[in-house]
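Go ahead and model the full structure; you've got the sequences and the hints to work with.
Number of protein chains: 2
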Amino acid sequence: MSTGKIVVAIGALEEAQRQMIRETADACGLRVVFCDSAEQIADEVRDAEIIYSYDSSLGRLAPGLKWFHAASAGVDNFLKPGALPEGCLLSNSAGAYGVAVSEHGVTLTLMLLRRIPEYMENVRQHIWRGDLPVKTLTGSRITVLGTGDIGSNYAKRVRGFEPEKIIGVNRSGKVREEGIFDEIIPQDRLDEVLPETDILFMALPGTRDTLKLLDERRIALLPESAIVVNVGRGNSIDQAALVKALNEGRIAAAGLDVFEVEPIPEGDPAWTAKNLLITTHTAGQMTLVNTRNKNAQMFCEDLKNYIEGRTLRHLVNKELGY
Amino acid sequence: MSTGKIVVAIGALEEAQRQMIRETADACGLRVVFCDSAEQIADEVRDAEIIYSYDSSLGRLAPGLKWFHAASAGVDNFLKPGALPEGCLLSNSAGAYGVAVSEHGVTLTLMLLRRIPEYMENVRQHIWRGDLPVKTLTGSRITVLGTGDIGSNYAKRVRGFEPEKIIGVNRSGKVREEGIFDEIIPQDRLDEVLPETDILFMALPGTRDTLKLLDERRIALLPESAIVVNVGRGNSIDQAALVKALNEGRIAAAGLDVFEVEPIPEGDPAWTAKNLLITTHTAGQMTLVNTRNKNAQMFCEDLKNYIEGRTLRHLVNKELGY
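Listed in order, the protein sequences are those of chains G and A.
For the first sequence, this note's numbering gives the first residue as 1, with consecutive numbering after it.
For the second sequence, this note's numbering gives the first residue as 1, with consecutive numbering after it.
Hints in this document: simulated from the structure, not taken from any laboratory.
Keep in mind that the hints are not guaranteed to be accurate.
Stated by the list, open to error - Distance condition first, Cα-Cα at most 20 Å in a straight line; then the derived SDA-like pairs of lysine to any residue: (1) G:LYS212 x G:LEU190; (2) A:LYS318 x A:ALA83; (3) G:LYS156 x A:THR138; (4) G:LYS274 x A:ARG124; (5) G:LYS294 x A:GLY139; (6) G:LYS244 x G:LYS294; (7) A:LYS274 x G:HIS126; (8) G:LYS212 x G:PRO186; (9) G:LYS274 x G:GLU224; (10) A:LYS80 x A:ARG115; (11) G:LYS156 x A:GLY160; (12) G:LYS244 x G:VAL261; (13) A:LYS156 x G:ARG159; (14) A:LYS165 x A:ASP182; (15) A:LYS66 x A:ASP238; (16) G:LYS66 x G:ASP55; (17) A:LYS156 x G:GLY139; (18) A:LYS165 x G:ARG159; (19) G:LYS294 x A:LYS156; (20) A:LYS156 x G:LYS274; (21) G:LYS156 x A:ARG141; (22) A:LYS274 x A:ASP238; (23) G:LYS156 x A:ILE180; (24) A:LYS5 x A:GLY64; (25) G:LYS294 x A:ASP131; (26) A:LYS156 x G:GLY160.
Unchecked claim - Which chain A residues stay away from chain G? Per the calculated CB distances, all over 10 Å, these: (27) LYS5; (28) VAL33; (29) PRO85.
Stated by the list, open to error - Cβ pair distances, simulated, as ranges: (30) G:GLN40 x A:PRO265: 48 to 56 Å; (31) G:ASP131 x A:THR3: 26 to 34 Å; (32) A:PRO63 x G:TRP271: 52 to 60 Å; (33) A:ALA220 x G:PRO263: 36 to 44 Å; (34) A:ARG22 x G:ASP215: 41 to 49 Å; (35) A:ALA220 x G:ASN247: 44 to 52 Å; (36) G:GLY249 x A:GLU266: 30 to 38 Å.
Because the structure is a prediction, the values reported are computed rather than measured.
A virtual CB, placed ideally from N, CA and C, is assigned to each residue, including glycine.
Following this line, the structure appears as structure tokens:
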């Protein structure tokens with residue numbers, strides 16, 4: 001039974017994006033309800049035909065749901081058994097976060113190279129010294145795990161710093177766009193490039209293929225001077241192994257925006273790991289106006305496809321998990 | 001009287017650079033002494049013909065000095081009356097620091113846009129939130145004060161983030177190399193661009209023309225959302241006026257590596273200014289191996305020019321101050 005009701009549960013949307021969604025829904029003959037409180041969401045979602053939200057748990061509450069558009073890029077939680085009603089379409093917003101997440105990734109990379117966490121701790125204590133040995137992107141060998149929207153935008157941004165080379169790594173080794181990476185290799189050749197990696201940047205989706213991809217063995221393949229930055233999914237790294245390697249000085253530093261468990265539990269060794277720069281899963285939130293605009297545009301584009309019975313442009317491949 | 005003695009007083013030089021200097025000096029028929037302690041420097045410098053150091057105070061101790069090669073890019077201290085004996089040549093190492101200082105500048109810029117100081121303070125207190133509104137280089141209007149080595153390298157590095165435009169500002173408005181800035185304007189037109197500046201990046205030498213260039217009046221021309229980053233000389237900014245503007249929220253944030261007085265004195269309002277990110281004059285130290293190499297190469301290049309009686313390639317224009 002089609003109710004023609006769209007539930008939008010994304011607090012961060014501003015009036016400009018709401019207006020765009022309202023107009024698109026009108027043109028499609030659908031009714032849209034914007035929900036801002038948990039009570040309102042729980043009430044409205046029960047007879048929703050379409051949901052547009054981050055929150056995968058809403059899928060269970062809407063037995064007649066036909067389509068869930070995830071406001072996130074990652075959809076691992078949406079693909080867990082029972083998360084969505086049988087036959088429900090799933091699309092996502094991969095492509096909306098490239099600018100924001102890659103820029104956060106460059107920020108973490110530069111902070112580690114220039115030892116900013118140590119300098120900020122010095123400044124907090126009014127210790128004036130400026131002579132800690134630093135490293136630079138210029139001339140560095142960069143390996144990018146994940147060559148999608150985020151990995152490609154990262155590569156474009158670090159290119160201007162004149163690294164020695166930027167190697168992309170993806171599932172198939174396929175090049176989708178020329179000129180972004182110096183070379184793209186398939187994931188099964190990752191071990192070859194790790195010993196020649198100064199900066200390992202990770203922007204992988206959370207799938208079976210990426211689970212603990214950076215494990216103890218692969219961490220040991222990196223040079224001692226290497227840094228690791230992860231803005232994709234926390235479970236792509238064996239976090240305990242990484243913390244151990246950091247504490248033992250087997251790699252130089254890591255900058256993580258994502259973790260196996262978020263928030264990081266009190267007492268977790270990640271809080272006190274040596275040379276670990278932590279940010280609180282902030283890279284890909286809807287905190288940038290162009291992220292919000294692009295996200296809402298992607299939903300509206302597929303709203304038209306949905307009502308016309310066309311294949312959704314941002315449909316998730318449930319087998320691949322992205 | 002020519003003593004043929006070179007005193008090198010730069011602790012950061014490694015054996016590779018010392019060897020290069022030694023060989024060049026040998027080839028020129030000059031004697032080189034590397035000094036690492038203050039006592040040794042004071043003793044050796046008295047009959048030096050050539051000094052290669054950061055430390056402008058050594059010039060007064062060497063009455064027969066013919067040439068001082070400053071290991072720094074900025075030479076304001078070397079140009080003060082009496083700093084060097086009459087007729088002594090002065091050259092500098094502008095050009096050695098572009099990579100290191102511009103990269104530090106991009107780091108500070110990104111940290112401010114992505115509100116990293118606040119996030120790091122949260123993490124210190126184990127507060128888990130990721131939703132502070134952020135800004136981005138993508139689409140930003142960037143104004144670069146100083147279009148030399150550092151300003152140009154900064155422009156090249158931020159270009160990959162796809163800003164709306166990058167305007168360079170220098171003394172004459174002259175374009176030295178095409179394709180780096182979207183436009184270069186002379187310093188006397190600075191006021192025109194300030195109201196349309198999202199990011200003001202400053203990499204100016206310390207000269208009469210740049211003293212307090214960013215004063216209270218010009219700060220007031222910036223939008224409230226603007227950020228200011230300075231990696232050049234502290235006295236290019238009226239620091240008290242900047243701190244006041246920050247505390248009153250009249251600009252969004254500032255990232256400074258240089259200050260009117262360094263170290264910042266205890267009790268100085270800069271320590272507690274709102275949204276002021278401080279680093280401890282670390283951008284342009286010899287902490288990067290390619291800075292050390294390039295610096296020593298510049299000295300060796302001019303050592304050959306000196307002994308052949310040619311004009312030094314890195315000679316400072318004492319009128320301009322750089």
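Verification of the hints:
1. Between G:LYS212 and G:LEU190, the direct Cα distance comes to roughly 13 Å. Compliance with the 20 Å bound is thereby established for this hinted pair.
2. At roughly 13 Å between alpha-carbon atoms, A:LYS318 and A:ALA83 fall within 20 Å of each other, so this suggested pair holds.
3. For the hint linking G:LYS156 to A:THR138, the alpha-carbon distance of about 12 Å falls within 20 Å, and the restraint holds.
4. The suggested pairing of G:LYS274 with A:ARG124 holds, with an alpha-carbon distance near 14 Å, which does not exceed 20 Å.
5. Between the alpha carbons of G:LYS294 and A:GLY139 the distance comes to roughly 14 Å, so the proposed pair stays at or under 20 Å and holds.
6. For the proposed pair G:LYS244 and G:LYS294, the alpha carbon gap of about 39 Å is over 20 Å, so the pair is violated.
7. Our distance criterion of 20 Å between C-alpha atoms is met by A:LYS274 and G:HIS126, whose separation comes to about 16 Å.
8. Distance hint between G:LYS212 and G:PRO186 is fulfilled; the C-alpha atoms sit about 17 Å from each other, no more than 20 Å.
9. For the hint pairing G:LYS274 with G:GLU224, the CA-to-CA distance comes to about 14 Å; that is within 20 Å, so the pair holds.
10. Straight-line distance between C-alpha atoms of A:LYS80 and A:ARG115 comes to about 39 Å, which puts the hinted pair past the 20 Å bound.
11. Simply put, G:LYS156 and A:GLY160 have alpha-carbon atoms about 6 Å apart, close enough for the 20 Å limit, and the pair holds.
12. Distance restraint check for G:LYS244 and G:VAL261: the Cα-Cα separation of roughly 17 Å lies within the 20 Å cut-off, and the hinted pair is therefore satisfied.
13. With a C-alpha separation of about 10 Å, the suggested pair A:LYS156 and G:ARG159 falls inside the 20 Å cut-off, and the hint holds.
14. The hinted pair formed by A:LYS165 and A:ASP182 meets the criterion: a straight-line CA distance of about 6 Å does not exceed 20 Å.
15. Our distance criterion of 20 Å between C-alpha atoms is broken by A:LYS66 and A:ASP238, whose separation comes to about 36 Å.
16. For the given pair, G:LYS66 sits about 16 Å from G:ASP55 by alpha-carbon distance, which is consistent with the 20 Å threshold.
17. As the CA atoms of A:LYS156 and G:GLY139 are separated by approximately 15 Å, the hinted pair is consistent with the 20 Å bound.
18. For the hint pairing A:LYS165 with G:ARG159, the CA-to-CA distance comes to about 18 Å; that is within 20 Å, so the pair holds.
19. Taken as a hint, the G:LYS294 and A:LYS156 pair is broken in the structure, with Cα atoms around 27 Å apart against an allowance of 20 Å.
20. At most 20 Å may separate the alpha-carbon atoms for a hinted pair to count; A:LYS156 and G:LYS274 exceed this at roughly 33 Å.
21. The straight-line distance between the Cα atoms of G:LYS156 and A:ARG141 is roughly 19 Å, inside the 20 Å bound, and the hint therefore holds.
22. Taking the CA atoms of A:LYS274 and A:ASP238, the gap is about 16 Å. The hint holds against a cut of 20 Å.
23. Restraint check: the Cα-Cα separation between G:LYS156 and A:ILE180 comes to about 17 Å, which is no more than 20 Å; the hinted pair holds.
24. The suggested pairing of A:LYS5 with A:GLY64 holds, with an alpha-carbon distance near 11 Å, which does not exceed 20 Å.
25. Between the alpha carbons of G:LYS294 and A:ASP131 the distance comes to roughly 18 Å, so the proposed pair stays at or under 20 Å and holds.
26. Only pairs whose Cα atoms come within 20 Å are accepted, and A:LYS156 paired with G:GLY160 is accepted, the gap being roughly 6 Å.
27. A cut-off of 10 Å between C-beta atoms confirms that A:LYS5 is not in contact with chain G; the least separation is 27 Å.
28. Look at A:VAL33: its CB is around 23 Å from the nearest CB on chain G, clear of 10 Å, so calling it non-interface holds up.
29. Distance check on A:PRO85: its Cβ is at least 29 Å (rounded) from any Cβ of chain G, clearing the 10 Å threshold; non-interface status holds.
30. Restraint check, G:GLN40 to A:PRO265: a C-beta distance of roughly 55 Å satisfies the suggested window 48 to 56 Å.
31. Distance hint check for G:ASP131 and A:THR3: the Cβ-Cβ separation is about 31 Å, which falls inside the suggested range of 26 to 34 Å.
32. Separation of A:PRO63 from G:TRP271 is about 59 Å and conforms to the stated range, judged on CB atoms against 52 to 60 Å.
33. Separation of A:ALA220 from G:PRO263 is about 41 Å and conforms to the stated range, judged on CB atoms against 36 to 44 Å.
34. The hinted range of 41 to 49 Å is satisfied by A:ARG22 and G:ASP215, whose Cβ atoms lie roughly 48 Å apart.
35. Between A:ALA220 and G:ASN247 the beta carbon distance is about 49 Å. The supplied range of 44 to 52 Å therefore holds.
36. At roughly 34 Å, the beta-carbon separation of G:GLY249 and A:GLU266 lies within the given 30 to 38 Å, and the hint holds.
Hints 6, 10, 15, 19, 20 from the earlier list are contradicted by this structure; the remaining hints agree with it.
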